[in-house]
Amino acid sequence: MIVPFNHVLVLSGLLFFLGLFCAVVRRNLVMILLGLEIMLNAAAVAFVGASLRWQLMDGQALVVFIIAVAASEVSVGLALVMAAYHRTGSVDPRQLEQDG
Amino acid sequence: MMDISLAAALTGLLAPLLAFALIMVLLRGRPHLCAGLSIAAVGLSLGSALLLLARHGASPNPLEYSVQWMVSGDLAVGAGVFLDPLSLLMMVVVALICLLVQIYSLGYMAGDPGLARYYGFMSLFAWAMLSLTLAPNLLQLYVFWELVGLSSYLLIGFWFEKYSATQAGKKAFVMTRLGDVAFLLGILLVLAHLGNLGIREMNTAAVAAAFEPSTLTVAILLIFGGIVGKSAQFPLLTWLPDAMEGPTPVSALLHSATMVAAGVYLFARLYPFFSLSPTAMAVCLAVGTISMLLAATMAMVTRDIKQVWAYSTISQLGFMLMGLASGSYFAGVFHLTTHAGFKALLFLCAGVFIHHFETNDMVAIGRAGGRRQLIPLVCMTLAAAALAGLPPLSGFFSKEAVMAALAAQPNPIWLGAGLLGAFLTAYYAFRLIFLIWFPDRVSAETAPENTDAHGHAHAQPRWQVLVMLVPLVVLALPTLGLGGLQTHLMSFLAAGLTGPEPVLPHLPWLPLTASGCALAGLILAWFEFGRRRAPRIGFAERSAFWRSLFAERWYIDRFYRALVDRVIDRGLARLCAGGDRHVIDGAVDGLGRGTVASGKAVSGLHRIMIQHRLGTMFAVIIFLALYFFI
Chain A
1 MIVPFNHVLV LSGLLFFLGL FCAVVRRNLV MILLGLEIML NAAAVAFVGA SLRWQLMDGQ
61 ALVVFIIAVA ASEVSVGLAL VMAAYHRTGS VDPRQLEQDG
Chain B
101 MMDISLAAAL TGLLAPLLAF ALIMVLLRGR PHLCAGLSIA AVGLSLGSAL LLLARHGASP
161 NPLEYSVQWM VSGDLAVGAG VFLDPLSLLM MVVVALICLL VQIYSLGYMA GDPGLARYYG
221 FMSLFAWAML SLTLAPNLLQ LYVFWELVGL SSYLLIGFWF EKYSATQAGK KAFVMTRLGD
281 VAFLLGILLV LAHLGNLGIR EMNTAAVAAA FEPSTLTVAI LLIFGGIVGK SAQFPLLTWL
341 PDAMEGPTPV SALLHSATMV AAGVYLFARL YPFFSLSPTA MAVCLAVGTI SMLLAATMAM
401 VTRDIKQVWA YSTISQLGFM LMGLASGSYF AGVFHLTTHA GFKALLFLCA GVFIHHFETN
461 DMVAIGRAGG RRQLIPLVCM TLAAAALAGL PPLSGFFSKE AVMAALAAQP NPIWLGAGLL
521 GAFLTAYYAF RLIFLIWFPD RVSAETAPEN TDAHGHAHAQ PRWQVLVMLV PLVVLALPTL
581 GLGGLQTHLM SFLAAGLTGP EPVLPHLPWL PLTASGCALA GLILAWFEFG RRRAPRIGFA
641 ERSAFWRSLF AERWYIDRFY RALVDRVIDR GLARLCAGGD RHVIDGAVDG LGRGTVASGK
701 AVSGLHRIMI QHRLGTMFAV IIFLALYFFI
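Here the protein sequences line up with chains A and B, keeping their order.
Be aware that the first sequence starts at 1, since it is given in the numbering used here, and climbs by one per residue.
Be aware that the second sequence starts at 101, since it is given in the numbering used here, and climbs by one per residue.
Some hints could be false.
[To be verified] Just a sample of chain A residues kept apart from chain B, beta carbon distances all over 12 Å, derived:
#1 PHE5
#2 GLN60
#3 PRO93
[Stated by the list, open to error] Interface residues of chain A toward chain B, partial, derived using beta-carbon atoms under 8 Å:
#4 VAL24
#5 ARG87
#6 GLY89
#7 VAL91
#8 LEU96
Hints are computed from structural coordinates only; laboratory data are not their basis.
Cβ atoms here follow ideal geometry from the backbone N, Cα and C, with glycine treated the same way.
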């Protein structure tokens, strides 16, 4: 294994915090969805690295599931964003709250 | 023999209770039946009292019938009857005066809508007072002491539609309670040290060993507090004049002859116990003296006939306490007995005038022709002479006994105060008598038919007049003759006392001096109120300062009013209200407000914008992770 497992975990952590930052800070529903995707991918990277580290296929199998879940999540999420846009006329989450 | 005595005592005690229960529960609607029942019950009490006196009058050993009422550890409190010369004498006095006053009330209270209630309360009082008299231990005595106070409250406020009467009842109750609290504390102190409240046990000399001398003094003074309240002594004396708001027979029975004398009776009952502490005796002597003189000065300026006798009651009770506290058991009890007779007579006579002329003002009674009421006026003059201590009436002998005890005191100030009291007493008593005998303007003589018309306007049936006059004549007899029984009574009472009565030196000049003082008072009263062209204004009334001082009862009432206003209303009550408002209300309100505020804060959390929620969630998870894994 050329890349040490620790480095994989650091990358995964960085990705996760990027996604977290994006999801919490950007005032845009689409960007929140994007942040979620990035966090999912960070988890997937950690799984792949672990699969390589222990020479087991379980991690890779799980990643396939994650990708499937992420795809469905994006489709549902985008549909919700569309619904929110129709209600409030913007994709700003603050508008959603004030309507509340 | 034992059984007959016990049965007689119990019958005498319980008959009035039965009458009270029957009247209050069943017979409220039939006032005449109530009156008859009540009189019959108290007559039965008098009969049994006389029977007991006849059976045990000669025997020196006191009888005690007791059952255990309450046992806790080594404390035992009994309930029962205690028959000794003192309690027998008091029982006869109480039952006799109760009977006479109840008969008198038939006339005085005729037609009153509350007649049934009146007789119910009178029976309650008779029961409580007789049981108090025969109580074998302090706790039982205390229970009936309070019941007597209750019936006093009920009877003072008998005409409860009159605001002043309800106020007076309340005042009497609260002020005597104040003394009773001290009394109760004293009882507890005795109980804690002695483990026993029996009167016989307390009256042995061995009691002194069970107490520290200072504790004993405190216990005695606390018990004396109860006496001060009940007998209206200084400083709790102002309730008694106000208690005159009640019907006059009630004043005659409760507030002169019997109930207020219960305090003095308690002193006599515990006389050996009290005499264990010379300090306490000195305090009692001082309190008695102060009350006697203060009340006598108050009586000099009032024009209300009942008030005069009320003040004189306080004064004479103080005089009895002086006799007891200066070491003469016999003098105090003898004066108590004679006083009960002539003071009840004074009140009943006053009641006749008040009933007839419908005013309490002695000047108005005199002007309206008070002297046409010959029998009451003669009786009242006799009783007033007895009150003043003029020979050969009963009061002369008993006063002389007290004076002899005072003369035996090392300090002559007590005798001086006693003689001054005798002078003042004669003065105020005859001021009243002369104002009625010799009014300044006699409307009755200028228009004699006026009185007759007045008398007929009442249209009182003849039997009612008679029923009011007979008790007067009956009471006049002991007033005339009780003095002759002095030696008999002395040997009778001495039999009940454990310690020997101190032999007082016979002072031949003393009776002369005492009756001379009384005579001086009488002559002064004659010069100011009796003779032709008399100024009809007393020496005490000339100066505005003294008049207002005496009429305002030495400002004692004002002082209490101010004390209650300043210290209790504005001080203590305000402090408590402030504490309630700020501390307790504040705590409860704060709890409520805190709940609402935290609820709002928490509700803000879930109504927050979605990204903040997300951020919070992550922060929590991160911190949890830090907590658990590092």
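Inset, instruction - Please write out, lowest number first, the hints stated earlier that are contradicted by the structure. - result: 3, 5, 6 and 7
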